[in-house]
Amino acid sequence: DAKTTQPTSMDCAEGRAANLPCNHSTISGNEYVYWYRQIHSQGPQYIIHGLKNNETNEMASLIITEDRKSSTLILPHATLRDTAVYYCIVRVASRETSGSRLTFGEGTQLTVNP
Amino acid sequence: DGGITQSPKYLFRKEGQNVTLSCEQNLNHDAMYWYRQDPGQGLRLIYYSQIVNDFQKGDIAEGYSVSREKKESFPLTVTSAQKNPTAFYLCASSVHRAWDEQFFGPGTRLTVL
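From first to last, the protein sequence lines are chains A and B.
FYI, the numbering for the first sequence is 1 to 114, going by our numbering.
FYI, the numbering for the second sequence is 115 to 227, going by our numbering.
Hints may contain errors.
Claimed, not checked - Below, computed lysine to aspartate or glutamate pairings styled on EDC-like, alpha-carbon distance capped at 20 Å: (1) B:Lys184 with B:Glu129; (2) A:Lys52 with B:Glu138; (3) A:Lys3 with A:Glu106; (4) A:Lys3 with B:Asp173; (5) A:Lys52 with A:Glu31; (6) B:Lys197 with B:Glu215.
Said to hold, decoys possible - Some chain A residues close to chain B (C-beta under 10 Å, calculated; not the full set): (7) Cys12; (8) Tyr46; (9) Phe104; (10) Gly107.
Treat the hints as calculated values from the structure; they're not laboratory data.
Note that the structure is a prediction, hence the values are computed from the model and not measured.
Built from N, CA and C at the ideal position, the CB exists for glycine as well.
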């Protein structure tokens, strides 16, 4: 699985958009980008995933560059409850790899300030 | 209410004792996982199981053992051979399909005294 690089920490004002970057310059053609987050002392929570098209769901948007070497997770209107560690993970998504590992790095600590 | 339960939330044991952490899911998921998390770090995979009666070692399996006798249960035993067992332990499960979003339990914080 391709390695990812994320900033250690970021701050965001409540109500503003939070843009969390992730570099995955060695990503291969069949690898997907997943985002999870972990609120302090809780289990991680799945947010979104994508291959090459931009994706949006009720939690966030995922923007993947055309060369797929980086992506940005966007929380459009951050709230205090969005304060968490955000993990960007790259992995092949197929039935053959299903049920296998997710490799978590150290993620980005996002702090949303009032 | 569907989900993953881990018990207990906090667990204390004396050094040299084996301890078993419980993980139960009622999501009818095929795959289950155990991760370990140390302060300020990401999750590391201990063991995973894609189907009943089968499991594979993850990145840090030494000193741990698991069983998967039932689809809904995946207990983890931390043995006395684990050199530094104090950590936050997380269990997860997923459907066996390509988009295998993993659902995590609330975790068990184990402290070995």
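We went through each hint and held it up to the structure:
As the CA atoms of lysine 184 of chain B and glutamate 129 of chain B are separated by approximately 30 Å, the hinted pair breaks the 20 Å bound. A C-alpha spacing of about 35 Å is found between lysine 52 of chain A and glutamate 138 of chain B, which places the hinted pair above 20 Å, so the restraint is violated. At most 20 Å may separate the alpha-carbon atoms for a hinted pair to count; lysine 3 of chain A and glutamate 106 of chain A meet this at roughly 12 Å. As the CA atoms of lysine 3 of chain A and aspartate 173 of chain B are separated by approximately 16 Å, the hinted pair is consistent with the 20 Å bound.
In summary, the hint linking lysine 52 of chain A to glutamate 31 of chain A is supported, as the alpha carbons are separated by about 10 Å, within the 20 Å threshold. Distance restraint check for lysine 197 of chain B and glutamate 215 of chain B: the Cα-Cα separation of roughly 31 Å exceeds the 20 Å cut-off, and the hinted pair is therefore not satisfied. Annotation: cysteine 12 of chain A was flagged as interfacial toward chain B, and the flag is violated, the nearest CB pair being 21 Å apart, outside 10 Å. Because the closest C-beta pair between tyrosine 46 of chain A and chain B is about 4 Å apart, less than 10 Å, the hint holds.
Look at phenylalanine 104 of chain A: its Cβ gets to within about 4 Å of chain B, closer than 10 Å, so that hint holds up. Taking 10 Å as the C-beta cut-off, the interface hint given for glycine 107 of chain A holds, the closest approach to chain B being about 6 Å.
In the structure shown, a violation is registered for the earlier hints numbered 1, 2, 6 and 7, in ascending order.
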